[in-house]
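Novice: Add chain B to chain A, keeping to what the hints say.
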Amino acid sequence: MDEIDKKIINALQNGFPICDAPYRQVAVQLGLTEQELIARLKALLDNGVLTRFGPLYNAEQMGGALTLAAVKAPQQRFDEITEIINSFPEVAHNYARSHELNMWFVIATETPEQIRQTVSAIEQQTGLTVYNMPKNKEYFVNLKLEA
Amino acid sequence: MLDETDRKIIQATQAGLPLTPQPYQAIAEQLGLTADDVMMRLSTMQNSGIIRRIGAVPNHYKLGYRFNGMTVWNIPDEFIDEMGQKVGQLEFVSHCYHRPRHPPEWLYNLFAMVHGKTQEAVDQQIQQISDLLGDYNLGSDVLYSTKILKKTGFRTTARR
Numbered sequence: 001m002d003e004i005d006k007k008i009i010n011a012l013q014n015g016f017p018i019c020d021a022p023y024r025q026v027a028v029q030l031g032l033t034e035q036e037l038i039a040r041l042k043a044l045l046d047n048g049v050l051t052r053f054g055p056l057y058n059a060e061q062m063g064g065a066l067t068l069a070a071v072k073a074p075q076q077r078f079d080e081i082t083e084i085i086n087s088f089p090e091v092a093h094n095y096a097r098s099h100e101l102n103m104w105f106v107i108a109t110e111t112p113e114q115i116r117q118t119v120s121a122i123e124q125q126t127g128l129t130v131y132n133m134p135k136n137k138e139y140f141v142n143l144k145l146e147a
Numbered sequence: 148m149l150d151e152t153d154r155k156i157i158q159a160t161q162a163g164l165p166l167t168p169q170p171y172q173a174i175a176e177q178l179g180l181t182a183d184d185v186m187m188r189l190s191t192m193q194n195s196g197i198i199r200r201i202g203a204v205p206n207h208y209k210l211g212y213r214f215n216g217m218t219v220w221n222i223p224d225e226f227i228d229e230m231g232q233k234v235g236q237l238e239f240v241s242h243c244y245h246r247p248r249h250p251p252e253w254l255y256n257l258f259a260m261v262h263g264k265t266q267e268a269v270d271q272q273i274q275q276i277s278d279l280l281g282d283y284n285l286g287s288d289v290l291y292s293t294k295i296l297k298k299t300g301f302r303t304t305a306r307r
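Residue numbers (my numbering), protein chains in the order written: chain A, 1 to 147; chain B, 148 to 307.
Derived from the structure by calculation, the hints contain no laboratory data.
Careful: at least some of the hints might be erroneous.
Here's a subset of chain A near chain B, in silico, CB distances under 7 angstroms, partners left out [stated by the list, open to error]:
no. : residue
1   : LYS7
2   : ASN86
3   : LYS137
Below, a list of computed lysine to aspartate or glutamate pairs in the EDC-like style, where the Cα atoms sit at most 16 angstroms apart [stated by the list, open to error]:
no. : chain 1 : residue 1 : chain 2 : residue 2
4   : A       : LYS135    : B       : ASP224
5   : A       : LYS137    : B       : ASP228
6   : A       : LYS137    : B       : ASP278
Glycine included, every Cβ here is placed at the ideal spot set by N, Cα and C.
So here's chain A without its partners, still in its complex pose:
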């Protein structure tokens, strides 16, 4: 990752134009060619520096439901529990965290009812208690990190 990549990552976290040739528009602003921007963006996605590039949808605004949940996965069953939880397509993110509650995951579904179903299915398949923590209120969300 060089300085140009960093410029691209920083610029593209601020939004992306909706127009006929958006890559060209951004490329001009960054002093690049359209081709170079697209090639670098592809490389950043391929090597995992970027996990996504595109519209970031707000699941709740689409009428869907979202929750953050956690389990206490015993160390000797950690991989097995990871596999079970990750196997649910409803689980969008899953992070290992340093705490007794050591696995934290986001469940996204069409309806609140499906959240309940997914939570109980995870409890059933893992034998663990799921600590369900749907947000009561959102104060701020901004996923920008300077490269």
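Specialist: For chain B alone, coordinates are given in the frame of chain A:
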């Protein structure tokens, strides 16, 4: 509200935008729409907040942000909104939420995510939050992510 065409566009773009010079045109062709229609609908969804933004999501770790802390705080219920607003306004906080407690094991009701390249950087941020909360902070913890076990976009509409 979203109609079927909006949902098709959402489904077609959940994994990302095409990396071609005219990405909206490419989506339109795939769905049998005009590029103008696709662009107009995306703009509408962006204005109404269904799309938070169009852009790139970096992997924290690969950018050198190895210390990603979920800071959690126990705030008296009557002050949670006031404190949540304040913490959410700190420039280094990427997400800030009020979530339910699970007593007796989990008493924390305010969650704020912080990110740093060094432990010191994150410690400083946490100290700033702590100073801001003052006496309203009845207890806190920080949970560092040690590994990404899964990270995909939301597939909410894809399963319809």
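Novice: All hints, please: hold or fail.
Specialist: Cross-check of the supplied hints:
no.: 1; hint: LYS7; in the structure: 12 angstroms, violated
no.: 2; hint: ASN86; in the structure: 5 angstroms, holds
no.: 3; hint: LYS137; in the structure: 4 angstroms, holds
no.: 4; hint: A:LYS135 <-> B:ASP224; in the structure: 14 angstroms, holds
no.: 5; hint: A:LYS137 <-> B:ASP228; in the structure: 8 angstroms, holds
no.: 6; hint: A:LYS137 <-> B:ASP278; in the structure: 22 angstroms, violated
Against the hints set out earlier in the document, violations occur for numbers 1 and 6.
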